[in-house]
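Participant: So the chains spell out like this:
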Amino acid sequence: MTAFGTAAGRPLQGRGGSPGFRFTLYGAVAVVIMYLDQRAHYLEPLRYALQAAAYPIQLAVNSPPAAWRWIRESFQSRDALRAENEALRRRQRDLELMTMRYEALAHENGELRGLRAALPPVADRWLPAEIINIQLSGLRQRLLINRGASNGVFKGQAVLDDRGLIGQTTHVGPWSAEVILITDPEHAVPVRLERTGLRTIAVGGGDGSSLALPYLPANADIRRDDLLLTSGLGGVFPDGYPVARVSEVHRDAVQPLAQVRAIALSHINSDAEVMLVWFRPGHPAAPAATASSAADVKNGNAAMQPLAASPRAPAARSSAPASPTPAPGKAAEEAAPPDDGPAAAAPAAERGDSPTPPAERPAEPSPPRQPP
Amino acid sequence: MTVGQVRGRMALTALVALILTVLPLPVWLDVFRPAFLVLTVLYWSINTPRAGGIGLGFLCGLLLDIFQGRVLGEHALALALIAYIAVREHQRIRSKPAFQQSLLVFAALVFYEFVVFAIDGWTGHPATSPLRWVHCLTGALVWPPAAAMLSYGESRYT
Numbered sequence: 001m002t003a004f005g006t007a008a009g010r011p012l013q014g015r016g017g018s019p020g021f022r023f024t025l026y027g028a029v030a031v032v033i034m035y036l037d038q039r040a041h042y043l044e045p046l047r048y049a050l051q052a053a054a055y056p057i058q059l060a061v062n063s064p065p066a067a068w069r070w071i072r073e074s075f076q077s078r079d080a081l082r083a084e085n086e087a088l089r090r091r092q093r094d095l096e097l098m099t100m101r102y103e104a105l106a107h108e109n110g111e112l113r114g115l116r117a118a119l120p121p122v123a124d125r126w127l128p129a130e131i132i133n134i135q136l137s138g139l140r141q142r143l144l145i146n147r148g149a150s151n152g153v154f155k156g157q158a159v160l161d162d163r164g165l166i167g168q169t170t171h172v173g174p175w176s177a178e179v180i181l182i183t184d185p186e187h188a189v190p191v192r193l194e195r196t197g198l199r200t201i202a203v204g205g206g207d208g209s210s211l212a213l214p215y216l217p218a219n220a221d222i223r224r225d226d227l228l229l230t231s232g233l234g235g236v237f238p239d240g241y242p243v244a245r246v247s248e249v250h251r252d253a254v255q256p257l258a259q260v261r262a263i264a265l266s267h268i269n270s271d272a273e274v275m276l277v278w279f280r281p282g283h284p285a286a287p288a289a290t291a292s293s294a295a296d297v298k299n300g301n302a303a304m305q306p307l308a309a310s311p312r313a314p315a316a317r318s319s320a321p322a323s324p325t326p327a328p329g330k331a332a333e334e335a336a337p338p339d340d341g342p343a344a345a346a347p348a349a350e351r352g353d354s355p356t357p358p359a360e361r362p363a364e365p366s367p368p369r370q371p372p
Numbered sequence: 001m002t003v004g005q006v007r008g009r010m011a012l013t014a015l016v017a018l019i020l021t022v023l024p025l026p027v028w029l030d031v032f033r034p035a036f037l038v039l040t041v042l043y044w045s046i047n048t049p050r051a052g053g054i055g056l057g058f059l060c061g062l063l064l065d066i067f068q069g070r071v072l073g074e075h076a077l078a079l080a081l082i083a084y085i086a087v088r089e090h091q092r093i094r095s096k097p098a099f100q101q102s103l104l105v106f107a108a109l110v111f112y113e114f115v116v117f118a119i120d121g122w123t124g125h126p127a128t129s130p131l132r133w134v135h136c137l138t139g140a141l142v143w144p145p146a147a148a149m150l151s152y153g154e155s156r157y158t
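Quick note, the sequences are listed as chains A and B, same order. At position 278 of the first sequence the residue is numbered 278 (the numbering used here), and the sequence of numbers has no breaks. At position 124 of the second sequence the residue is numbered 124 (the numbering used here), and the sequence of numbers has no breaks.
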């Protein structure tokens with residue numbers, strides 16, 4: 001422990017000033033960097049370059065698990081491979097059966113809405129990305145994926161897997177991007193209930209698989225096993241992608257709000273690959289990407305604000321008739337929280353009796369949700 | 001050992017510590033992962049106070065910010081701060097037996113985590129889980145073997 005014994009007795013001055021001076025210097029630099037990064041967003045190019053520099057280390061760190069996976073895969077027995085093949089074939093058959101009537105249904109849907117032709121699917125193209133690194137703790141739930149700006153990935157892009165929503169990109173480097181998961185405590189995703197059309201916001205629960213719905217009134221019509229879909233508000237995720245399934249609903253007599261938890265449908269722990277999705281611009285169900293560009297940048301991404309919805313919203317919603325079948329269009333219209341008023345109110349006139357209210361929302365920018 | 005040699009060892013050990021810090025671990029184990037990079041910075045600040053522990057702390061902190069996607073400068077400030085304290089008090093810390101050193105390291109880690117916690121709060125990313133403090137304890141436990149490992153081979157050069 002007594003290394004460098006000869007230097008111990010000497011005074012510290014000599015190289016590069018006293019420790020106090022050096023600390024003041026570095027501390028000031030750190031504070032300035034923090035200010036620039038947090039408030040002014042001047043450091044995106046620096047972050048981009050540093051992320052590029054960090055990429056080799058991240059790849060190296062990931063290599064032992066990747067090598068282990070490769071070894072395990074290449075020594076898989078013939079029987080296991082056959083079983084997997086069989087399962088995949090069965091799954092493909094099921095999926096084909098499910099999509100057999102897709103064309104007809106899409107056409108019929110278009111006719112019902114008075115469109116001349118069926119709309120093309122909202123997802124324009126997608127790109128599989130490999131997970132390089134996973135940070136899962138109670139505080140942060142992030143992924144690092146091996147696609148970046150050189151593949152056309154942009155900040156705030158939706159990331160899915162084959163079962164549901166995973167998250168969105170936060171920092172994009174040239175060959176890698178960081179993804180914040182929907183289960184991160186700092187992430188909030190606007191959702192609607194598939195059964196009733198009730199809209200609310202799902203905040204990450206922080207334990208790797210659960211989400212909380214903290215803004216629902218105690219008398220909201222929500223049950224166990226209700227499916228949550230993206231609502232299309234917020235400007236990041238398009239409408240109608242599965243997010244989570246409600247796992248528990250507590251209604252406490254003294255609490256004005258219901259305590260609802262949901263389990264994310266995506267399997268982040270077992271995935272090795274995720275999908276980056278580009279959406280067709282101008283499609284009615286596409287997220288209004290422009291909404292989150294100019295006005296939002298100063299205050300960060302609205303979809304990531306921890307206090308995304310104003311607490312007043314559920315109170316106004318509590319009077320909504322949450323009956324599922326008779327007039328879902330009306331129910332959803334009234335259930336719209338007041339802070340997305342302009343977007344929800346404008347198309348209300350022509351929406352009137354439509355059976356699928358949120359899907360036909362025109363692509364006008366939804367207002368960014370500000371923290372109260 | 002010349003300052004150049006010390007700097008080389010610093011960079012090497014910091015790289016190893018960084019890899020240990022970002023190595024993917026299962027969730028339950030991740031809570032207990034000691035802050036290896038912080039321990040490394042502390043070690044060099046205490047044992048070679050003239051070789052630039054504060055600058056090392058700043059650079060390592062910047063790397064941590066990049067790897068963890070935090071606000072740039074957050075860990076840099078916290079690490080520069082505890083490196084400064086360690087450099088100032090290096091003679092007192094160095095003369096203590098291992099157990100007392102561990103206690104001091106524990107205090108330093110708690111202080112470091114508190115600074116990060118405070119900056120987290122100010123920048124609008126509050127994470128108030130008590131689990132974030134667990135690594136201070138494991139870091140203090142790991143300190144004696146880690147310091148012994150970092151000083152390995154030093155006597156050959158001095």
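Among the clues, some could well be false.
Unchecked claim - Taking lysine to any residue pairs in the SDA-like style, the calculated list, with each CA pair at most 20 Å apart, reads:
id: 1; chain 1: B; residue 1: K96; chain 2: B; residue 2: T21
id: 2; chain 1: A; residue 1: K155; chain 2: A; residue 2: Q38
id: 3; chain 1: B; residue 1: K96; chain 2: B; residue 2: P144
id: 4; chain 1: A; residue 1: K155; chain 2: A; residue 2: W278
id: 5; chain 1: A; residue 1: K155; chain 2: B; residue 2: G69
id: 6; chain 1: A; residue 1: K155; chain 2: A; residue 2: A123
id: 7; chain 1: A; residue 1: K155; chain 2: B; residue 2: S95
id: 8; chain 1: A; residue 1: K155; chain 2: B; residue 2: Q68
id: 9; chain 1: B; residue 1: K96; chain 2: B; residue 2: A107
Said to hold, decoys possible - Label-pair ranges, simulated between beta-carbon atoms:
id: 10; chain 1: B; residue 1: A11; chain 2: A; residue 2: S74; range: 29 to 39 Å
id: 11; chain 1: B; residue 1: L141; chain 2: A; residue 2: A66; range: 51 to 61 Å
id: 12; chain 1: A; residue 1: V254; chain 2: B; residue 2: R92; range: 17 to 27 Å
id: 13; chain 1: B; residue 1: L12; chain 2: A; residue 2: R89; range: 32 to 42 Å
id: 14; chain 1: B; residue 1: L141; chain 2: A; residue 2: R89; range: 50 to 60 Å
id: 15; chain 1: B; residue 1: L25; chain 2: A; residue 2: R224; range: 29 to 39 Å
id: 16; chain 1: A; residue 1: Q92; chain 2: B; residue 2: L12; range: 44 to 54 Å
id: 17; chain 1: A; residue 1: S74; chain 2: B; residue 2: L141; range: 37 to 47 Å
Rather than coming from a laboratory, the hints here were simulated on the basis of the structure. None of these values were measured; they are calculated from a predicted model. Just so you know, even glycine gets a beta-carbon here, dropped at the ideal spot from N, CA and C.
Participant: All the hints need checking, so say for each whether the structure fits it.
Facilitator: For each hint, the structure was consulted:
Between K96/B and T21/B, the direct Cα distance comes to roughly 27 Å. Violation of the 20 Å bound is thereby established for this hinted pair. A distance of roughly 16 Å separates the Cα atoms of K155/A and Q38/A; the hinted pair therefore holds under the 20 Å criterion. For the given pair, K96/B sits about 12 Å from P144/B by alpha-carbon distance, which is consistent with the 20 Å threshold. Annotation: proposed proximity of K155/A to W278/A holds, straight-line Cα distance about 12 Å (limit 20 Å).
At roughly 13 Å between alpha-carbon atoms, K155/A and G69/B fall within 20 Å of each other, so this suggested pair holds. Restraint check for K155/A and A123/A: the C-alpha separation of about 17 Å stays at or below 20 Å, so the hint holds. Taking the CA atoms of K155/A and S95/B, the gap is near 51 Å; set against the 20 Å cutoff, the hint is violated. At roughly 17 Å between alpha-carbon atoms, K155/A and Q68/B fall within 20 Å of each other, so this suggested pair holds.
Taken as a hint, the K96/B and A107/B pair is honoured in the structure, with Cα atoms around 15 Å apart against an allowance of 20 Å. Roughly 36 Å separates the CB atoms of A11/B and S74/A, a value that falls within the hinted 29 to 39 Å. Remark: the range hint 51 to 61 Å for L141/B to A66/A is contradicted by a beta-carbon distance near 31 Å. The beta-carbon spacing between V254/A and R92/B, approximately 54 Å, falls outside the hinted interval of 17 to 27 Å.
For L12/B and R89/A, the Cβ-Cβ distance of about 51 Å falls outside the hinted range of 32 to 42 Å, so the restraint is violated. Under the hint 50 to 60 Å, the C-beta atoms of L141/B and R89/A, about 52 Å apart, fit the expected range. Between L25/B and R224/A the C-beta distance comes to about 33 Å, which sits within the given range of 29 to 39 Å. Checked against the hint of 44 to 54 Å, the C-beta distance between Q92/A and L12/B comes to roughly 51 Å, which is consistent with it.
Between S74/A and L141/B, the C-beta spacing of about 39 Å keeps the proposed range 37 to 47 Å intact.
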